Amino acid sequence: MRTLTLSLMLVFLAACSENTESPASSQARISQAPNSQTPIDTAEAIAAESARLNNWLDARFAEELDFSPQWKTQLGDKSDYDRLDDVSDAAFERELTWRRNSVAQMQAEFDYELLSAAAKISWDTWVYSLQRAERSAPFRRHAYIFGRGGPHAALPNFMINYHKVDDANDMQAYIARLNQIDEVLLTYLDRARRAVEDGIRSPRFNYDFAMAEIERVTAGYPFTESAGPDEASPLWQDVEAKLDALLANERISAEQAAALRTAARTAMLEQMQPAYLAIHQWLQEDRPNTSEQANGVWALPDGGDYYTTRLALMTTLDISADEIHQTGLAEVARLREEMEAIKTAVGFQGSLADFFVFMREDEQFYFPNTDAGRQAYLDLANEFLAGVATKLPEYFGILPKAELEVRRVEAFREQDGAAQHYARGTPDGSRPGVFYAHLSDMRAMPRYQLENISYHEGNPGHHMQISIQQELTDIPRFRTQYGYTAFSEGWGLYAEALGKDMGFYQDPYSDFGRLAGEIWRAIRLVVDTGIHAKQWTEEQAVRYFLENSPQPEAAIRSEIQRYITNPGQATAYKIGMLKIQELRAGAEATLGARFDIRGFHDTVLGGGALPLPVLEARVQRWVESVAEAAVN
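The opening residue of the sequence shown carries number 7 in this note's numbering; numbering runs sequentially from there.
Do not take every clue at face value.
Stated by the list, open to error - Here are the simulated lysine to aspartate or glutamate pairs, EDC-like style, with alpha carbons at most 16 Å apart:
hint, residue 1, residue 2
1, LYS78, ASP92
2, LYS126, GLU115
3, LYS78, ASP434
4, LYS126, ASP480
5, LYS78, ASP64
6, LYS407, GLU477
7, LYS78, ASP91
8, LYS126, ASP64
9, LYS78, ASP88
10, LYS170, ASP434
11, LYS540, GLU346
12, LYS84, ASP176
13, LYS397, GLU545
Read the hints as simulated data drawn from the structure, not as lab findings.
Remember, predicted model here, so these are calculated numbers, not experimental data.
Please build the complete structure, drawing on both the sequences and the hints.
Below, the structure is given as structure tokens:
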């Protein structure tokens with residue numbers, strides 16, 4: 007991977023500030039610059055301008071949240087609690103215009119040279135968010151809508167897991183949202199139809215995913231005529247559970263509960279169900295027009311430019327598909343050597359390919375495909391997380407306050423072999439962070455990989471990084487909520503390796519699982535670019551993965567289909583990890599005995615999620631400050 011020097015980063019940051027800056031705002035900077043001030047006056051001016059910018063950005067972020075009632079709900083904010091997001095093209099344009107105006111206003115009203123280093127990061131990140139939106143705009147139809155985890159599944163998931171009901175008003179808001187699901191889904195359907203008119207269709211397997219998920223969401227009472235209340239759909243189970251809780255807490259009467267239950271049933275039958283049926287019918291009718299061969303985005307109109315844009319958005323770096331592909335090949339080769347060493351250490355006789363088969367198939371590496379086996383998987387994840395919690399203070403000064411739970415994915419959105427994932431809690435701690443696992447097929451969830459996955463999704467990985475980010479109070483609020491895949495997933499993968507530094511992976515098979523997790527992400531660099539830039543087939547990608555990983559084939563096939571439908575996203579993990587490791591190695595080399603691992607980690611996590619060049623500038627300033635303090 008290309009190494010970005012500090013000078014290149016400063017050019018990048020300057021570009022972030024100047025590319026959208028008008029001559030008038032440039033003149034405003036010059037006219038606002040102080041002519042002569044004492045150091046104390048200058049410090050006061052910087053503190054005042056920085057505080058003014060922070061307050062201004064907080065106000066702008068409040069405006070941004072008004073575009074998304076659902077984002078507000080996820081943050082624990084009950085304003086606009088009875089509304090769902092507007093997902094129309096017109097709404098997209100309104101938000102983009104607002105973002106352009108906000109950046110222009112910031113550049114006109116504030117003096118960049120009078121900002122603190124931390125405030126400059128906020129400025130640069132705010133401008134960068136506009137650049138991302140501008141770069142994405144020409145390709146808004148390229149993103150596949152109905153498929154794995156599309157809005158047909160995401161909306162019920164949102165209602166079940168995010169819309170909290172504490173009183174009758176909250177339940178009325180819940181029902182109001184149920185009544186809007188049809189409008190949202192039909193808007194998505196219109197967008198999918200327009201994409202098809204532009205020659206953009208998702209692969210056939212995505213149609214099948216979507217239809218299967220729709221069938222699971224709408225199975226059972228009240229959608230299925232023959233089903234009774236004891237055969238409830240997932241959403242109806244949620245309605246009943248929330249009404250029962252209100253009754254138990256004496257927040258509503260039995261008569262109110264009956265009225266609310268009737269209103270919810272009416273909304274689900276008269277609003278939701280027709281929209282789901284319309285989408286299912288369209289998918290079924292259009293399915294024959296899809297290609298049996300699942301191609302990468304190279305086959306779409308402007309597919310090459312779209313993929314280049316996706317790589318830039320996912321990695322936050324200007325890095326080509328060829329560079330990423332070659333980095334992946336080199337990392338796969340390096341990790342295979344480390345795997346060979348473990349294979350030899352455990353006394354396995356045979357080739358590495360044979361060892362992969364052994365790890366894939368031997369019963370000792372799997373829990374039973376039973377409810378007891380699934381619970382054992384969750385219990386072992388909690389055991390690993392409890393162990394790492396005792397060592398966190400040795401490696402971090404800033405620790406998360408939020409609670410962490412490990413859960414099985416809800417049945418209506420669970421998929422065999424799908425990747426585990428993390429769902430953030432609320433900033434106020436009222437909803438914990440959740441490490442979710444797909445456990446419908448226990449043969450796709452090897453136990454030797456659970457230790458590294460627990461560190462990735464839990465602590466010191468996503469839960470730690472995202473919780474600390476949300477709990478920061480000394481930066482503008484938008485920086486506690488914005489995310490960059492290369493930063494967050496890079497940190498998650500770095501956290502897996504950090505577990506080794508912390509003294510874990512004592513079982514050699516778990517240590518092999520760590521390497522399997524890392525080579526999995528290195529393979530992604532090869533197959534994602536192979537699929538989307540080098541026109542690999544789905545089977546070519548599956549074969550390469552099987553040849554270089556012990557992952558179960560079911561999980562591999564699920565992964566490859568994920569890469570096909572979400573181009574570039576899978577490259578961010580390893581690219582981000584390599585950058586964080588590069589920054590740590592550079593800091594250790596410069597500071598020597600003065601290097602403090604807690605200080606480094608607090609620097610990386612203590613500024614919130616950042617584009618990688620902005621993170622590099624932040625770490626470099628920390629290194630310089632530590633070196634300067636040692637001299638003084």
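For each hint, the structure was consulted:
1. LYS78 with ASP92: 14 Å, holds
2. LYS126 with GLU115: Distance of about 14 Å is within 16 Å: holds.
3. LYS78 with ASP434: Holds, because 13 Å separates the two Cα atoms, which is no more than 16 Å.
4. LYS126 with ASP480: Since the Cα atoms of LYS126 and ASP480 sit roughly 14 Å apart, the hinted pair holds (cutoff 16 Å).
5. LYS78 with ASP64: Holds, at about 14 Å.
6. LYS407 with GLU477: 8 Å, holds
7. LYS78 with ASP91: 10 Å, holds
8. LYS126 with ASP64: 15 Å, holds
9. LYS78 with ASP88: At roughly 11 Å apart (the allowed maximum being 16 Å), ASP88 and LYS78 satisfy the hint.
10. LYS170 with ASP434: Holds, at about 14 Å.
11. LYS540 with GLU346: 29 Å, violated
12. LYS84 with ASP176: Since the Cα atoms of LYS84 and ASP176 sit roughly 9 Å apart, the hinted pair holds (cutoff 16 Å).
13. LYS397 with GLU545: 43 Å, violated
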